[in-house]
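Start from the sequences and build out the full structure, keeping to the hints where you can.
Each chain, letter by letter, is given below.
Number of protein chains: 2
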Amino acid sequence: MNQPKRYLDIVLDIRKMINQENIRPGDRIPSERELAERLKVGRSTIREALRSLELLGLIETRRGEGTFLSDHRNHQLVEVLSTFILQDNQSQEDVQETRKIHELSAIRSICQNDATSQLSVWDSFSKCLTDEEGFLRSDFIRELMVLSGNRLSLKIWILLEQYSGHPYKGRISSDETMMIKNILAAIRQQDADKAAAALTGWIDWLQKENEENDHNS
Amino acid sequence: MNQPKRYLDIVLDIRKMINQENIRPGDRIPSERELAERLKVGRSTIREALRSLELLGLIETRRGEGTFLSDHRNHQLVEVLSTFILQDNQSQEDVQETRKIHELSAIRSICQNDATSQLSVWDSFSKCLTDEEGFLRSDFIRELMVLSGNRLSLKIWILLEQYSGHPYKGRISSDETMMIKNILAAIRQQDADKAAAALTGWIDWLQKENEENDHNS
DNA sequence: TTTTTGAAAGTGGTCTGACCACTTATGTTC
DNA sequence: GAACATAAGTGGTCAGACCACTTTCAAAAA
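Protein sequences, first through last, are from chains A and B.
If you count the first sequence from 1, you need to add 1081 to reach the working numbering.
If you count the second sequence from 1, you need to add 1081 to reach the working numbering.
Calculated directly from the structure, the hints in this document are not laboratory data.
Any given hint could be a false lead.
Claimed, not checked - Pair by pair, the computed Cβ-Cβ distance ranges are:
no., chain 1, residue 1, chain 2, residue 2, range
1, A, Met1098, B, Gln1193, 48 to 58 Å
2, B, Arg1269, A, Arg1109, 54 to 64 Å
3, A, Lys1262, B, Gln1193, 22 to 32 Å
4, A, Ser1254, B, Pro1106, 44 to 54 Å
5, A, Gly1123, B, Arg1252, 42 to 52 Å
6, B, Glu1118, A, Arg1143, 26 to 36 Å
7, B, Asn1291, A, Arg1119, 18 to 28 Å
8, A, Asp1220, B, Glu1118, 40 to 50 Å
9, B, Arg1223, A, Asp1220, 31 to 41 Å
10, B, Arg1269, A, Asp1274, 19 to 29 Å
As the structure is a prediction and not an experimental result, all values here were calculated from the model.
All C-beta atoms, glycine included, are put in the ideal place defined by N, C-alpha and C.
This is the structure in structure tokens:
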């Protein structure tokens, strides 16, 4: 009777327990030893279930303190999945392009925000531009991703940015200031197509820049 | 100094091992006992890492046979996650939206292909439409993702599609045939904006459809 | 010879008990 | 009352032991 995985039942039992005892995100769940006793299984089985849930970002464990129900917004699974997905996808082009996909979608999304959100967006960016000292390209793009409001997309972008060799390292040059101002202007006008085009221009320009640097070095 | 989780390192070690030894989906990976010896950790630690990967659908374990690398198409991830996470609106919306991002980018990319590629695209889709029996919505969208040529984007999409509860299950109804024809027409005209708009229409229509079904059941 | 059988080896599944490292609560001392 | 030391509780890890199951392969049977 191929007895199907005990730890999977445990996962469901734990979920049921969380429901019944009204455990909320951030609360502590019973200790491993207590769970083992209550569910009448070994502690190792409990741990296998918990580790799975932890990898999914559903719970959080702190040594010496306990196990806590997470507010599963972490999307931690992306990090692990990505290492598996990207393993055979050495095609750098795919990574670059996918990163661009998320960036362009983000700026389009921002353009479609309502006016009040629009205002805060403007604030964030113009503050960045005036602060000439130490403001990096990656900060600008990251701000873009954050403001789009899609946290999953942000997480994916962070990973892709790392995997594609940090294309946005370095400070914003005076040449680029104009491009960025064009991007901001398009956002202000809520013109998604124009903003996307302007951003594409900057990204491609940067990429060419990076390639030249790679050649020289 | 909070020693970072050992089993997470193991996950990465296993990934590296898979890479180095060129283990392909379907192949067997070393036994738990061998992994424990090679990585110099206890078997229980190995198991915690493997259980996590199993829940993610990245590997498959068969008692008495061994552990096998899966072609990440497994369902249990969705089942477990949905029981935990379905309540959380924000993250669900993020997943849906991110999936849509990849779909729209794919269709835009296809529209920008050259004429010869365009032709084969047309072939693939029209063959799907004439084959009325058993042609599923997911097949159409998947074909879209494949034809875009970005394999990384395709892989991410597959995961998101599972993670968001298989929104494209079911056959294409006669109502939808018209929408799809509009999409194909836009592709033929290489009009990216039009194609994206048409696809958005279909996706949103489908989403509304799914929500109604959920209410009824 | 070919087929059947069955014991052995190998694998994942589970349990137990023992430490370790860390945090929190408790109580003691100053 | 404050500072410190101790104990209790918790997750992290390990080793060893069975169990259930599959595969293998050599011995026995046909």
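Hints, verified against the model:
1. Hint check: A:Met1098 to B:Gln1193, Cβ distance near 52 Å, so the stated range 48 to 58 Å holds.
2. The hinted window of 54 to 64 Å between B:Arg1269 and A:Arg1109 holds, with their beta carbons roughly 59 Å apart.
3. Remark: the range hint 22 to 32 Å for A:Lys1262 to B:Gln1193 is upheld by a beta-carbon distance near 27 Å.
4. At roughly 45 Å, the beta-carbon separation of A:Ser1254 and B:Pro1106 lies within the given 44 to 54 Å, and the hint holds.
5. Between A:Gly1123 and B:Arg1252 the beta carbon distance is about 47 Å. The supplied range of 42 to 52 Å therefore holds.
6. Hint check: B:Glu1118 to A:Arg1143, Cβ distance near 30 Å, so the stated range 26 to 36 Å holds.
7. With their beta carbons about 38 Å apart, B:Asn1291 and A:Arg1119 fall outside the hinted range of 18 to 28 Å.
8. For A:Asp1220 and B:Glu1118, the Cβ-Cβ distance of about 46 Å falls inside the hinted range of 40 to 50 Å, so the restraint holds.
9. For B:Arg1223 paired with A:Asp1220, a C-beta distance near 37 Å keeps the hint of 31 to 41 Å intact.
10. In this structure the supplied range 19 to 29 Å holds for B:Arg1269 paired with A:Asp1274, their Cβ-Cβ distance being about 21 Å.
Checked against the numbered hints above, the structure breaks only hint 7 and satisfies the rest.
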